[in-house]
Amino acid sequence: MAHLVSSGILGIRAAMLAAICLCFGSLTASEAFAMDGKLTVGVILPLSGAFANEGQQYENGIAVFQKIYGKTVAGLPVETVSRDDQGPGSGDLARRLTQELIVRDKADVIVGYSFTPNAMSAATLLTEVKKPAIIINAATSIITEKSPYFVRVSWTLPQAAATLGDWAAKNGIKTAYTMVSDYAPGIDAETWFKKAFTAGGGKIVGEVRTPVTTMEYAPYLQRVVEAKPDALFAFNPGGDVSVAFMKAAHERNLAGNGIKLLVTGDVVEDNSLQLIGDGLDGVISAHQYQIGLVNPENERFIKVYKELFGADTSPNFRAVQAYDAMALLYKAVEKTGGKLDAPLLMDAFKGEKLNSPRGPIEIDPQTRDIVQNIYIRKGEKVNGHWQNVAFETYAAVSDPGKSPAK
Amino acid sequence: MSNIITVVIDGIAYGMLLFLLAVGLSVTLGLMRFINLAHGAFAMGGGYLAVTLTNRAGLPFLAALPITFVAVGLVGLVLERSGIRHLYRVSALRQVLFTIGFAFAMSAFATILFGPQQQPVRLPLWFSARVPLFGVEIAGYRLFLIIVGAIIATTLAVLVDHTLWGARIRAAVDNRRAAEGIGISVERLFAITFGLGTGLAGLGGALSIEFLGLDPTFAFKYLTIVLMVVAIGGAGSIEGPILAALFLGVADGLFKYFLPEAGSFVIFGLFVTVLVFFPAGLKGRTT
Chain A
11 MAHLVSSGIL GIRAAMLAAI CLCFGSLTAS EAFAMDGKLT VGVILPLSGA
61 FANEGQQYEN GIAVFQKIYG KTVAGLPVET VSRDDQGPGS GDLARRLTQE
111 LIVRDKADVI VGYSFTPNAM SAATLLTEVK KPAIIINAAT SIITEKSPYF
161 VRVSWTLPQA AATLGDWAAK NGIKTAYTMV SDYAPGIDAE TWFKKAFTAG
211 GGKIVGEVRT PVTTMEYAPY LQRVVEAKPD ALFAFNPGGD VSVAFMKAAH
261 ERNLAGNGIK LLVTGDVVED NSLQLIGDGL DGVISAHQYQ IGLVNPENER
311 FIKVYKELFG ADTSPNFRAV QAYDAMALLY KAVEKTGGKL DAPLLMDAFK
361 GEKLNSPRGP IEIDPQTRDI VQNIYIRKGE KVNGHWQNVA FETYAAVSDP
411 GKSPAK
Chain B
123 MSNIITVVID GIAYGMLLFL LAVGLSVTLG LMRFINLAHG AFAMGGGYLA
173 VTLTNRAGLP FLAALPITFV AVGLVGLVLE RSGIRHLYRV SALRQVLFTI
223 GFAFAMSAFA TILFGPQQQP VRLPLWFSAR VPLFGVEIAG YRLFLIIVGA
273 IIATTLAVLV DHTLWGARIR AAVDNRRAAE GIGISVERLF AITFGLGTGL
323 AGLGGALSIE FLGLDPTFAF KYLTIVLMVV AIGGAGSIEG PILAALFLGV
373 ADGLFKYFLP EAGSFVIFGL FVTVLVFFPA GLKGRTT
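From first to last, the protein sequence lines stand for chains A and B. Each number in our numbering comes from the position in the first sequence (counting from 1) with 10 added on. Each number in our numbering comes from the position in the second sequence (counting from 1) with 122 added on.
Okay, chain B solo, but in the shape it has when bound (with noise of 0.2 Å):
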């Protein structure tokens, strides 16, 4: 029974690594409809960041990680500002050509900048600890994903259902025209929204360095697990996200467990298997 617990509770913080590498994603394109394939790129600018903070800086990963959430947000703020809204209205293809490009560029930047090589980072002792927990031990950095992922989740999904930015960036993005005719500054409101979905991207970057490494290619390379996170989810919400990533993370380690001659097929199956039974995601806002 231990073994179970054990691979469930890995899988749960597989599964927040996904969520925390996707939630910004889900701000971005699940609220604000804005098809932001630049996503990895952001997240990848929060890796870089952090490593730079604590390698050369000396500053601690746990101050590193706010100031990239900042860094990155004020980032995303001022392209939002400077480019990305006129984007708001154009075609979804225009908006993923300019977005992919971006990435590329970006990609190629951070090459330029760092080199192809993968980057190393420091990281407090107590991450590779062995904490018991439910009889079973889990490593520190897997429990502090799973309790800053419950953090974002909770937080965010408060802001979103139940607070009056949240009303309003629910209603600028269903009716802009309407939200705007009742007084909402529909263009601040996004330019936050989006500095909150690249801060967001930047910090599960920075977070995921650990498990999946930082090269130049981090820009693309997790940008289907994510988008397939959004998509299961469904746009608009926070709670569909975090159920997708629980469950595709879940699934994935008791298959690997139990099945591993089903592979890398899984997980692709199970994504389609779900868009077939709901087509808009699991928590998905039909408009």
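Chain A on its own, in the form it takes in the complex (with noise of 0.2 Å):
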């Protein structure tokens, strides 16, 4: 039901986006809206098609912000204007998106890209016209390097395959075998597992990279369960496809093989443990946030997402993302006490701190990446219910793409 109010609600502001455009696209006075004492926040999400349900985590998690801490900042009203860029096959339309609400809706900063090509594609675009973008969660690597604009608040893979394997190094794993989607976030696992992982005395048996959409894993982990290693690390795409791999792996016994399951956190995200189920059990995942983290953030977080989308649902780790990119947002406006000026919201972006439901997090002023907290779980049934439970803590990972000491 609150789905239907909620898209009820968004099918209007879109009528009367649609309306206000018709009425002002032929004024031509491009200053019209920039100095316009507001702060107007371009959203690129996949809103429909197979991505629609993450698309709606972030909105949920951009409107629970709002709800703590107000549409104002700085004196300045915030304006939201939500953009459909349909999933991951669609960098070219993620690239026009961005130019169109930087045009003609006169956005201030983008908020978005759920996926590695989007953001890749409008990179050279946000240089161009010097706007930021805070980057929702694409986390392959080298995004942040492909435009000065760029902020990330979300991951990046390297950090949670690195910090897994070097975890998996040093907690008496000696042979492990890799198993990745074959796309940029899937050589990025892999690579950093490895590295990790015999940097600290582990020896890889055997990798093998899947297509990216394949339901059927099960010929691939016979071959896995032939090999004998100690460990499967194991990243895919999220969605049906992980929960299809989580099943498949349970159904071959992994565990009972001797075989533990490791991993990246997204594999195993909060809404995907009930269609997992038994599946989890044991499995082993590095990542920045779960459910059952407690810090006085959090548990706002989860209370007023549920006062605001119904006690049954839950919010996920981009929910949290889309928050924490909204408080970077607001933090960096009331720092620069209303100002909008690229450079001026760059700089206060870089070496931000905010107390985010997932821990304390920072803005690499270096990197202008993220640098935050990378907890290691384990699949456990708490009070009837699968969830991954937190047991070690590595504080402050940094992307390791980027030090060039690795």
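Don't read these hints as lab results, they were simulated from the structure. Note that beta-carbon positions come from the ideal geometry of N, C-alpha and C, so glycine has one too. Please note that a few of the clues may not be correct.
Under 10 Å between C-beta atoms, here's a sample of chain B residues computed to sit facing chain A [unchecked claim]:
| no. | residue |
| --- | --- |
| 1 | 334 |
| 2 | 342 |
| 3 | 344 |
| 4 | 345 |
Chain A residues, not near chain B, derived (Cβ > 10 Å throughout) [to be verified]:
| no. | residue |
| --- | --- |
| 5 | 100 |
| 6 | 215 |
| 7 | 225 |
| 8 | 226 |
| 9 | 247 |
| 10 | 285 |
| 11 | 344 |
| 12 | 350 |
| 13 | 372 |
From these two lone chains plus the hints, build me the complex, please.
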């Protein structure tokens, strides 16, 4: 029901926006909205199609933040303009939407990009028009190097994968097999797990890259079972593919064959735990957020989330990242005293520290990328519900993909 | 050796899943020659119905399956009577446009009703049990797929090839006027057959949730592979699609096992190769 209502409101909002665009489309005064005493946030998310579910989490996260902190900052009313980039297969669309938001809607800052290709395709454009963009998820390491106007509040795959590799090597795992989806984030995950794991003395005994949309994992897992490694490290793109993978791993009885399953946390994100079910038992994952985190920010975040969207709903890491994107923006605008010039905002982002629902986070001033805790979790049944329970914390992890020393 | 048996049996189960998902289409598209791109939407409808019956009404999954088959079949029958029957004689392009439009509408409708997220389904415990077979272990769910697929394939093959209904439907598709001329009620025959096709689509959708998941994009996500099964199998037969589905399932498994580097190229490569040598499909009837 909540969904019905929210999509209804969205529809009205979209219709009004369309009407406004029609009225003002012919006006050529390019500065009409730029210095008009409000903060316009262009939001680019997958709101329809296979990834609409993820888009909704980000929207919810933004809504929770604005419910708590209001819709004005430093005296400026905050207006969000949402656009639908439909998913990962539409980099060109994401670029066009970015352009439209900046040129037509006079967006002062872009918040969005769930997928690597979409962020990548907008990079040169952002550099050209000098507008800051806060990356809400896209997790391939190299993105922030593609434009000096990118800042990332989400996570990077090397952050999770290298941490997991390090943990594995230190916790009695001698040999590992890697299985990643065959696209940029997968290659990142594979590379950095291997680096950290072998640096800690571990040995890779097999590796395979699987097609991104494959749903049948049984033959790949059969190979793993025969190779008898201590652990299987896996990354896949989340959603139905990850659920299928987790079910297949359970069916193939990895644990019964003495193989520990290690995954990046997005594979076993909070919202799909019910779908994965018993497949979560004993699975080790590394991630920056799980719903069971105990801190005041997270308690308030979950409370307001449930107030807004229903007691039986729950946020996942995506909602938290969107919440933090808004938190970062508000703090930066407060710091500049309401000035929205790109260089001032970018300076304000750098080195910013926030108390996020996921714990303390910081924007690395050199790389504009996030520094955060990575939690090592284990799948356990808590009060009849499957959960990722954190048992070890790597504090203040920065993206190893950029540190020249490693 | 046992590892190859495991891969082959898993492949057969995966193939059976493809067959169950495609068999309804081999009735509506294959037998009736109606370009039914709404097939995925009917399968999705079956999935949502099964989920609702098991999760909300508390029915056991196995009891939900026949209900789903009948209910989705009835919906198909009503739709056939009220609209689709006017489309048999229009051009293929208009059939495509109508059915794909219908599928888009159903997908949006599912989003409104159920939201964009994946649906969980409560399954019998023995689905995840490991059953020993030929010296290897196979999941209960996969074994169940193989058995159901075999039963449906046999029943349909007998129905189409050895019963009066089968003879009538083949006659009516090949030459409608002549069939009507000798007293076959083609209208009623087509309505029932279309209902059978959509019912099978619904059943296939319900059976595949555990494997493929269920969200509003289901209506399109598996349309390609399902069309491939029918195309490789050849229109107008039941043996064709089952051969095609088993072939694709086992080949996919063996390639993933022995040559994972080939990736998703394999299944499409096989598709092209088969159609180069058998343009009408493995068991296609030429008319």
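Tell me, in ascending order, the numbers of any earlier hints that this structure violates. Numbers 4, 7, 8 and 10, in rising order.
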